[in-house]
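Construct the entire structure; sequences and hints are all you get.
Letter by letter, the chains look like this.
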Amino acid sequence: MQSQFVPHQILKAAGVAALVATAFSISHADAAANKNDIIRIDGSSTVYPITEAVAEEFQKAKRIKVTVGISGTGGGFKKFCRGETDISEASRPILAKEMEACKAAGIEFIELPVAYDALTVVINPKNTFIKSFTVEELKKLWEPEAQGTIKTWKQVNPSWPDTPVKLFGAGSDSGTFDYFTEAIVGKAKSSRGDFTASEDDNVLVQGVASDIAATGYFGYAYYEENSSRVKAVPIVAKAGAPGVLPSRETVMNGTYQPLSRPLFIYVSANAAKSNPNVKAFIDFYLANSKELVEEVKYVALPANEYAAVNDHWKSQKVGTGFNGEPEVGVKITDLLKRIK
Amino acid sequence: MTTQASVLANLAEVRAMIRKHKRNDFIFSIIGLLALMLGLLTLFTLFIDLVATGYPRFSLDFLTNYPSRKAAHAGLLSAWVGSLLVMLVTFISAVPMGVAAGVYLEEYAPKNWFSDLIEINVTNLAGVPSIVYGLLALGLFVYGLGFGESILTAGLTLGLLILPIVIVNTRESIRGIPIAIREAAYAVGATKWQVVFHHVLHYASGGILTGVIIGMARAIGETAPIITIGALTFIAFLPPSPVSDVAPFINVEWLSSGFTVLPIQMFNWLSRPDHAFHINAAATGALIIVVTLLMNATAIWLRYRIRKNIKW
Numbered sequence: 001m002q003s004q005f006v007p008h009q010i011l012k013a014a015g016v017a018a019l020v021a022t023a024f025s026i027s028h029a030d031a032a033a034n035k036n037d038i039i040r041i042d043g044s045s046t047v048y049p050i051t052e053a054v055a056e057e058f059q060k061a062k063r064i065k066v067t068v069g070i071s072g073t074g075g076g077f078k079k080f081c082r083g084e085t086d087i088s089e090a091s092r093p094i095l096a097k098e099m100e101a102c103k104a105a106g107i108e109f110i111e112l113p114v115a116y117d118a119l120t121v122v123i124n125p126k127n128t129f130i131k132s133f134t135v136e137e138l139k140k141l142w143e144p145e146a147q148g149t150i151k152t153w154k155q156v157n158p159s160w161p162d163t164p165v166k167l168f169g170a171g172s173d174s175g176t177f178d179y180f181t182e183a184i185v186g187k188a189k190s191s192r193g194d195f196t197a198s199e200d201d202n203v204l205v206q207g208v209a210s211d212i213a214a215t216g217y218f219g220y221a222y223y224e225e226n227s228s229r230v231k232a233v234p235i236v237a238k239a240g241a242p243g244v245l246p247s248r249e250t251v252m253n254g255t256y257q258p259l260s261r262p263l264f265i266y267v268s269a270n271a272a273k274s275n276p277n278v279k280a281f282i283d284f285y286l287a288n289s290k291e292l293v294e295e296v297k298y299v300a301l302p303a304n305e306y307a308a309v310n311d312h313w314k315s316q317k318v319g320t321g322f323n324g325e326p327e328v329g330v331k332i333t334d335l336l337k338r339i340k
Numbered sequence: 001m002t003t004q005a006s007v008l009a010n011l012a013e014v015r016a017m018i019r020k021h022k023r024n025d026f027i028f029s030i031i032g033l034l035a036l037m038l039g040l041l042t043l044f045t046l047f048i049d050l051v052a053t054g055y056p057r058f059s060l061d062f063l064t065n066y067p068s069r070k071a072a073h074a075g076l077l078s079a080w081v082g083s084l085l086v087m088l089v090t091f092i093s094a095v096p097m098g099v100a101a102g103v104y105l106e107e108y109a110p111k112n113w114f115s116d117l118i119e120i121n122v123t124n125l126a127g128v129p130s131i132v133y134g135l136l137a138l139g140l141f142v143y144g145l146g147f148g149e150s151i152l153t154a155g156l157t158l159g160l161l162i163l164p165i166v167i168v169n170t171r172e173s174i175r176g177i178p179i180a181i182r183e184a185a186y187a188v189g190a191t192k193w194q195v196v197f198h199h200v201l202h203y204a205s206g207g208i209l210t211g212v213i214i215g216m217a218r219a220i221g222e223t224a225p226i227i228t229i230g231a232l233t234f235i236a237f238l239p240p241s242p243v244s245d246v247a248p249f250i251n252v253e254w255l256s257s258g259f260t261v262l263p264i265q266m267f268n269w270l271s272r273p274d275h276a277f278h279i280n281a282a283a284t285g286a287l288i289i290v291v292t293l294l295m296n297a298t299a300i301w302l303r304y305r306i307r308k309n310i311k312w
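Quick mapping for you: the protein sequence lines, in order, are chains S and H. Everything in the first sequence is counted per the UniProt record's numbering, starting at 1 for the first residue and increasing by one. Everything in the second sequence is counted per the UniProt record's numbering, starting at 1 for the first residue and increasing by one.
Just so you know, these hints were derived from the structure itself, not from any lab. Think of the CB as a built atom: it goes at the ideal place given N, C-alpha and C, for glycine as much as any other residue. Mixed in with the good hints, there may be bad ones.
[Claimed, not checked] Derived BS3-like pairs: lysine-lysine, alpha-carbon spacing no greater than 27 Å straight-line:
#, chain 1, residue 1, chain 2, residue 2
1, H, K70, S, K290
2, S, K297, H, K70
3, S, K337, S, K103
4, S, K126, S, K151
5, S, K65, H, K70
6, S, K279, H, K70
7, S, K231, S, K189
8, H, K70, S, K60
9, H, K70, S, K62
[Said to hold, decoys possible] Reference listing, derived: stretches of chain H covered by chain S, where coverage requires no fewer than 3 residues with Cβ under 8 Å from a Cβ of chain S:
#, segment
10, 229-243
11, 265-278
Dropping the structure here:
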């Protein structure tokens, strides 16, 4: 009986060994990898598709390893300010308390806008009475005071029917949530709580697409992929102004306000100085971002703004142009001039 | 005459009772079958749906390509290698410890309140939600012990997760060994260690292996604890190889490497705006189910093979 048992063990050990060998015959050449050779990036899920595209091309071109995680803008900054990452992606500017954490750890950063996104407010395609939203109407719908009181469309605008409202929005850890609340309610993170929140925008698309009473907001790329299932609503920035639909043109020419937002990467100044790989990566990022940003369906910066970002990167000036608060509607060229 | 009549009447009564019981039997077996079918059909429908959706991606390229922004070129290479390495660490950490703990509790531990306490805790641990293990690992392995967001951390976390499963299974298999086997071994002068190692463990090995494989099959599909400890989403290179061509021929650098695993890659693809990635996610889901089913089938086969060779 003893002898019957042994072949199984050998068989099993051989099986495991064979599996491992298969896996590693491929990676054999990489045996001596140094941890500093790897560029570590983490942060916003909104910026992720751009960075992923750049990382993919960069690895093909330069054979330098890059890893990208998705911890959200806030989670990314936490890691960045502990020195665990070289680059942090953000869908809103760095906040005061994050700047303090970075300062305490002695980490300086270079703020680089890389693309625009248009936060898109959508409704169910069967909803015919909403032609546009004014910022006031959106505020009435989303501000904290609306919780439990604003339940029908009529309460938002008397000319709309007395039918229920269902809300879908970004999860509170995302930069999207911070930016939307700042732009609409006037204070970041200030929102009613009784809505369906998800970090996964496909859940929001699904929610709005299947409920005639629904409205929600998410990034433009998700709207563009699902434009047959949900309908974008023109936004009226100021009373009397015409409603503007989100599109590449309206974001570029600055008429889609206040929901068009810049997306950023924050580069550790120390890593940029001491690690030539990080410097090469950012050079590559800025040189190729126009093409790659459009490929992943975001809005590229206009040429003059790219030039300004490039100059800013070359100057290696540290700090933020925002003073620790998400500011709405600031021009990138003006923003970069503020950083001394 | 009267007695005969009463017997006949009684017989009819008895027959009616037997019929009733048989009917109840039949009804219960139908209910049981329906309950079984409900579970199986759900899994089957889900699997067919995944296969039908993911079908266009079933190719060797899908297994040998790195993730990409282009859905049609994106593959699972870094994910399945990551899963394999994490499973290796899980296996090495959980199995010896789990089997040893099970043997100790069953064979050596004195029967007192302390053993009872441990026993209750082990059983409870098997029911703790996996996210709790993730949070524990984040505090203990990632920050406390400084292992970072690495394969080592992930493997140990999943090892903790399946440890109670391995322990409980080991104990149950050991309990299934007839007492006569031990008595026979003691009778010919075997020591306790010899009885445990040569006989009890040997005969219980089928059951123990089954427990180990079922535990591993659970671990391979876990997402929550792996997200908590910070698995990466885009990683287009493999960890350093555990075997090298210079002495000492093995290296441990891969343990501290960043990684991704199959369920994370699936989760990431599912949350993309582009529907082409949802096809990739479905294909990955089908692959995870196939791997899990294969592992479970191996467990059943091993148990059958080992049992067949044991004659007592």
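Outcome of the hint check:
1. Between H/K70 and S/K290, the direct Cα distance comes to roughly 17 Å. Compliance with the 27 Å bound is thereby established for this hinted pair.
2. Taking the CA atoms of S/K297 and H/K70, the gap is about 12 Å. The hint holds against a cut of 27 Å.
3. A hinted pair counts as satisfied when its Cα atoms are at most 27 Å apart, and S/K337 with S/K103 qualifies at roughly 22 Å.
4. Distance restraint check for S/K126 and S/K151: the Cα-Cα separation of roughly 19 Å lies within the 27 Å cut-off, and the hinted pair is therefore satisfied.
5. Note on S/K65 and H/K70: the hinted pairing holds, with a Cα-Cα distance of about 19 Å set against a maximum of 27 Å.
6. Annotation: proposed proximity of S/K279 to H/K70 holds, straight-line Cα distance about 26 Å (limit 27 Å).
7. In summary, the hint linking S/K231 to S/K189 is supported, as the alpha carbons are separated by about 25 Å, within the 27 Å threshold.
8. With a C-alpha separation of about 14 Å, the suggested pairing of H/K70 with S/K60 holds against the 27 Å cut-off.
9. Distance hint between H/K70 and S/K62 is fulfilled; the C-alpha atoms sit about 20 Å from each other, no more than 27 Å.
10. Restraint check on the segment 229-243 of chain H versus chain S: 14 residues with Cβ-Cβ distances below 8 Å, three needed, restraint holds.
11. Residue count for the segment 265-278 of chain H with a Cβ under 8 Å from a Cβ of chain S: 7. That meets the three needed, and the coverage hint holds.
Of the numbered hints stated above, none is contradicted by the structure.
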